[in-house]
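Peer 1: Chain by chain, the residues run as shown.
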Amino acid sequence: MPVIPIKEYADSDGLYGRVQPQYAHFDGITLESGTFLGPLTVAYETYGQLSPNKDNAILMLHALSGDAHVAGIDESGRLGWWDAMIGPGKGIDTNRYFVICSNCLGGCKGTTGPPSINPETGRPYGRQFPLITIGDMVKVQAMLVEHLGIERLHNVIGGSMGGMQALEWSVRYPDKVRSAVVIAATARLSPQGIAFNWVGRNAIYCDPIRCSDGSDRKESCEDTGRGLSVARMIGHITYLSEETMEAKFGRKLRLKDMDGYLYNLGENGVEPGEFEVESYLRHQGSSFVQRFDEDSYIVITKAIDYFDLEKETGELSEAFKDVQAKILVISFSSDWLYPTSMSLTIVRALLKQHKDVSFIELDLPYGHDSFLVNAGIPSMTRIIRGFLHGVR
Amino acid sequence: MCADVRKIRSPFHEFAFGFNVIVDLIEPGTRVLDLGCGTGTLLQRLKDEKNVEVCGVEVDQEKTIRAIERGIRVLRFDLDEGLDGFPERSYDYVVLSRTLQQLMNPGRVVREMLRIGAKSIITFPNFGHWKVAVQYLLRGRMPVYSTHPHPWHRTPDIQPLTIDDFRDFIKRVGGKIEHEIHIIGDQPRTQTFWANRRAEWGCCLVSAA
Chain S
8 MPVIPIKEYA DSDGLYGRVQ PQYAHFDGIT LESGTFLGPL TVAYETYGQL SPNKDNAILM
68 LHALSGDAHV AGIDESGRLG WWDAMIGPGK GIDTNRYFVI CSNCLGGCKG TTGPPSINPE
128 TGRPYGRQFP LITIGDMVKV QAMLVEHLGI ERLHNVIGGS MGGMQALEWS VRYPDKVRSA
188 VVIAATARLS PQGIAFNWVG RNAIYCDPIR CSDGSDRKES CEDTGRGLSV ARMIGHITYL
248 SEETMEAKFG RKLRLKDMDG YLYNLGENGV EPGEFEVESY LRHQGSSFVQ RFDEDSYIVI
308 TKAIDYFDLE KETGELSEAF KDVQAKILVI SFSSDWLYPT SMSLTIVRAL LKQHKDVSFI
368 ELDLPYGHDS FLVNAGIPSM TRIIRGFLHG VR
Chain W
12 MCADVRKIRS PFHEFAFGFN VIVDLIEPGT RVLDLGCGTG TLLQRLKDEK NVEVCGVEVD
72 QEKTIRAIER GIRVLRFDLD EGLDGFPERS YDYVVLSRTL QQLMNPGRVV REMLRIGAKS
132 IITFPNFGHW KVAVQYLLRG RMPVYSTHPH PWHRTPDIQP LTIDDFRDFI KRVGGKIEHE
192 IHIIGDQPRT QTFWANRRAE WGCCLVSAA
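Chains as they are written, first to last, in the numbering used here: chain S, 8 to 399; chain W, 12 to 220.
Hints listed in this document are in silico derivations from the structure and should not be mistaken for laboratory results. In this text the structure is predicted, and so the values were computed from the model without any measurement. Treat each hint with caution, since some may be false.
[To be verified] Cross-link-like lysine-lysine pairs, in silico, PhoX-like; alpha carbons within 25 Å at most:
#1 S/318 to S/146
#2 S/14 to W/61
#3 S/362 to W/74
#4 S/61 to S/146
All chains, please: the whole structure from these sequences, using the hints.
Peer 2: Structure follows, in structure tokens:
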């Protein structure tokens, strides 16, 4: 096998090659709410080789709309959502580490979630799917890790909701994680975050209700997805920064030959969208509807809303009392959804408990989504590679 | 002039010598927090040579990344914005090397150091050096010297101080100097005659009074 040199940084190029989804099956779990959910399927992908000592495993944790396909090229030719970071010689080097990424509980990409068949009814769960927490998602991930025969992970890493999971891992399974990278995350969702999620879900609730049992509605109603599309558009605004929007769209009009405003709202209440930012958002919204389930969106945003590490102990540092992992917290200067101050709250609470925490705020202009933007990859690559390397 | 400046500055600038003084002050196997750690060169040495548990604080993004790259634990904080996250007596030593004169609020930072560390090590360029004084006195110009190599309009050293100033300052912030080392022509000395006028650098081991 040819030696692939360490890359200073990489692009999304699918270097890892083809990957196949894998599935693990479990009897079920008792959720934090007390409800039993089962049986469970977990969809996951792996990259690289597990070492004989099983000590080189890294668990990738995806954000709200992500899935298990984090790197390489899947059956339909799609690149992984963080392909620029993961692969041979990349920031998370698959020649060195065994990388696992699973779709989260409640998702719609192969792991048990609202679109899965409810064994009691023989129909999809839909809105009957029990409400879950970030802790429940992590519990299912831990079951998968155990299923793969791994006692201790070298690292857990994720951004946004994935960062919440990385924190939850460190708190809940202190002896099972050597290190954690928490990117653009928070230890408790802010009221502003809850508010945006609430508006998003309410947009979905505005869609006509199809069938009371929550089934078959997708076939019977052509309006379906408009609410989810609005939810996604709202979400997307919160992931960008004002600066990026100005640079990317400005006040540009959508049609190049348009030399003025249309003074027209379109027909049948469907506004065409004159500004580029509008058509961009519309595209984001409508393409999201093609790839995401609205009930998963509801369930996952609720789980994010519920996330609050302070809740049980009253003080965040108390929650971190048993943490053993080395933790790296990364925030972005332009992230106004999970701003640096929230990362600093995590860092201070860990310091208070004398934990091994590192912190860096990166000056990147791309808002909350900075970690997924390729322009941020060079610095993120150096940081993550160096940190992973330093973990013993 | 320029080459000359670099030559004189080298001991503290290239870390070999200036850091020796600091490394020698630190007991093996202790916990050290380096404020303004740069790329982590001193901490790397302490880790390698003295088996020290290290942590750095740095405000510059690129330097912070380079410290993380070499496996040094580092926090990107602005010293002037406070160190209140660190618990009391959480470190055996807190180091502030060549940074005191660059702080907006040195009093606050040094009080925090005395709170966080059992001992503090502070090094700073001595603005009282006779050559610096001569430049000001005879030429009537803001001094540019090996220890203060930048012209007044683009210097990071916004609060120049002398060794005598430092002694007063430490008393005022509630500390006491346990050990004083003066760097004169690359040589560390103690009990120096006329240190305030002869030393290029001061290096002090300080604890809470």
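Peer 1: Look at each hint and say if it fits the structure.
Peer 2: Hint by hint, here is what the structure shows:
{"no.": "1", "hint": "S/318 to S/146", "result": "18 Å, holds"}
{"no.": "2", "hint": "S/14 to W/61", "result": "33 Å, violated"}
{"no.": "3", "hint": "S/362 to W/74", "result": "22 Å, holds"}
{"no.": "4", "hint": "S/61 to S/146", "result": "20 Å, holds"}
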